[in-house]
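Enquirer: In case you want the letters, here they are:
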Amino acid sequence: MNEILTIKYLSKSFGKKRVLENFNLIMEKGKVYGLLGINGEGKTTLIRMIMGVIPPDNGEIFFKNKKISFRDDAYKKEIGFIAEESIFYSWMSIKELLSFNASFYPKWNTRKANEYLEKFSLDPKTKIRHLSRGMKLKLGLIVTLASEPEFLILDDPTSGLDVPTRHDFLKEIIKELSESGTTILFSTHIVHEIEGIIDNLGILKFGNLILDEDFHELKNSVKRILLTSEESLEDKIKMEGIITQKINGSQCEMVVFPWTEEKKQVIENLKPTSMEIKPLNLEEIFISFAS
Amino acid sequence: MFLKILLKEWRENILIFLLAILFMIALVVLTLTDLREMTLNFSGMFLLLFLPFAALLIGSSGFYSEFKDNAWIYLFSRPIKKELLWLFKYISLLSILGVIFLIFFLVKQFLPGLDDVLNDIKFPSEFRDILSFSLYFVIPIIAFTISFSISILYDKQFIIFFVSILIGAALALFFQGYLFFLYMTYYYYGGFRIFGLFIALSFILASVITFVKSDFSQMGRKFLMFAKFVILFIVISLALGTIGIARGDLFTGSKAFYPYYSVKHEGDVYAGNFSRGIVCYKAESDKVKKMVLTSDFMSNRYSIGRDKIAFFKYARNTRYGRYEDLWIINTDGSEERILVETVNPATPFYKCSIWGNCLLSPDGGRVIFLTGVKNRKSNINEVTVWWMNTDGTGINKKILDFPINYTNFHLVAWPSSTGNLILTIEEKSPTFKKVADRLILIDLEEETYQVLFDDVRSEFYRKIMEVSPTYNHLGLVWRDHPENKEKLVLLDLKTLDKKVIFEAERMRLWAMKWSQDGEKIVFSRARETLVYTLTDNMLRKVSKRDYGYEVGFDWLADGKRLALIIPDYGDLYLRVFGEDFKEEKRVKIPYPVEGSVYLWGLDNKVLMNFNRRSLFRLDLETEKWKKVY
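Protein chains in written order, with this note's numbering: chain S, 1 to 291; chain A, 1 to 629.
Everything labelled a hint here was simulated from the structure, so no lab data went into it.
Glycine included, each C-beta is placed from N, C-alpha and C at the ideal position.
A hint or two may mislead.
Stated by the list, open to error - One side only, chain S facing chain A, incomplete, derived with CB under 7 Å:
1. Ile54
2. Asp73
3. Lys76
4. Phe104
5. Lys107
6. Gly241
Isolated chain S, as found in the complex (with noise of 0.2 Å):
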């Protein structure tokens, strides 16, 4: 396997509340994994701790098979990483804070990093705490590009952007990214601007991960069921990997994974009146997992 990150067991609370419970996860190398989850469920601690900036209470990390520590620096040169909030020294200028991380990253590249400065519209000399929500998303780009990462962390950068400035981030930037073999982890709570762009879905629910499939797989095997049947059919369909289900007499919703011609046996046994078989969006397919 070409595994870039690989999480064993990992666990972590605050207080009482546990957040993360034996979490695992393994990425590959050029791949664009979706981690989606309600607000809430663990998406920012988990890649808090991924980046080392707080230390879990259990489990271990292994970035490129070798195994982090919560003290190690030096695989952070090859993460970039966009947090959710504005986490810059609002006092420094786009100039200084650029500077600031040149000094950080070993492979920094000015000119691309000017190039992007101009691309999006920035003002070396502007202050940060003058900048927008979508400038700032904006600069923490350009860092994280500035510093030619291998592995790109997303967390949450979308929310609270407009339409336009999303579009832009999501459909130039991050595709591009993908497209140059980044490996990206995204994680956020607005699914379906991810939906053109991830290889791999995970999605986490009271710590842990109760999904995690290839996107493109994924799609063709989830489906929503539409039934009717003379008879009613509470109680008469039994079969695994039902996901949702809604009966109301002799006409029953359900969301299926995975959807198998086994199971479409199953149902065709029932000897329905109709039967509808479709595909479901990312959004749909979150929410039937989520909920």
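With chain S's structure known, arrange chain A on it following the hints.
Expert: For chain A alone, kept in the frame of chain S given last:
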């Protein structure tokens, strides 16, 4: 990376720095306008108020900006070791304080008026100076370290600022109390800087460990971890500091041997040591023995007479504060006992303040010393001479009724044959400037005194005024008129006749030493060593050297042979001269030498001190060396 952090921290604290500069500009203006009193007050305000508070403000700003914008998340996700980050920030902020110190010292250096007002403040130029670095600067550095260390715990800078003051005050009170306890127990009272250093280190270590290991997002856990480590390190500091103080040699160099206050007595060599008391090289056992353990020992304030040593010992209690008593001990180390108690209402010495040194009579049967008080009306020192038997009986006293202001009394000779006391005193002008050192003689029976010499050299850290072992003569340097040459004089202690044996424009005398029979005196001056013999009234030059600092020399126990250190092509040699002053032996010194070499001639042995912390004995027959201290 460090430079970036340095610039960031400077930028964030530039206002405090500019305020310090404003303070110093005001100081310069005040000094130039020659308002001495205001300059002094303003300097005091700068040193005692501004500096500690600026240090606290700078320290408490440590992680403020990281908390303020949640920038710690950003910073921790960068590829930099957290301990380095802590250290870079600490050094960067400390450098602001350092530059303020430096500018202050430069202003002081180049402004004679200010240098004059603040003449007790010096910049540490070498490592040992750092330990004795003025409290004006030690306290701000400790305050800065405490506030910076705890600034990782909370985002409110003013809370950190006030908590730091509370912690600092509580620790200062605790350690002062503890030091007082140590002083009562171990006779040592110099550990504030040691504990200050340890406290600062405790906070640094606890802060770095917490910063590196704890979860920054959880204040409770972070606080608990910090508290656990800081308490642990303070307890360790307390233990280490106590051990150091109990041993008396940690950071203080108190094991150091002070050869200039040595006394050769009956074949043994006694020496005083500032913080440990009196030690003695016993020739018979060939070992150094600790004779007296006492604190704040003034190394020249003891006297030996036959089989007894008289010395002063400091003590302290809550009622009388710091006081000193006169003690007696036998030269074999037995029967240490108090002779003069100054805080005992039942004795005539109650509430007396002891001045200067003491002298034992040659037979060890009597002791003489001074007590004094300054008359606030006349501003003249009133001095009482006390003499008594060493068993505590036969107490006598005489009040010295000097009409002019004398100070710095030093007892020089008290020969039994005459009952006269010879001492040096420093005469002060009405404006308290030194006029001259006088050698005076007090007739204790007739209660009269006379000035024997108007202007004598009396640096008692050198052996330049020495009584012969037979108590017949006193050797001293005298200048009878400012325009005349300096004279090396022998004073006959019985007849008070003066005999000039050597004259020079500037005597530059390093030391003089009498032979055991009191018939010969060897002295080293400028770049030569000379011997004067009383019997034939002859002065002979024994050696000449190319450099002008002190060399070791002494008579051997037979009083005929002279041992002398002489350099030869960069090496040092011990040379022994016979009665006819011809060289009998030459031994190369195989040890590194720091500064001057001190030497004591014994019975076919020579004791030498090449550095302040060790003592070597050379057997002249076998030429074998032994480190005895």
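Enquirer: Which hint numbers does the structure go against, in order from smallest to largest?
Expert: 5 and 6
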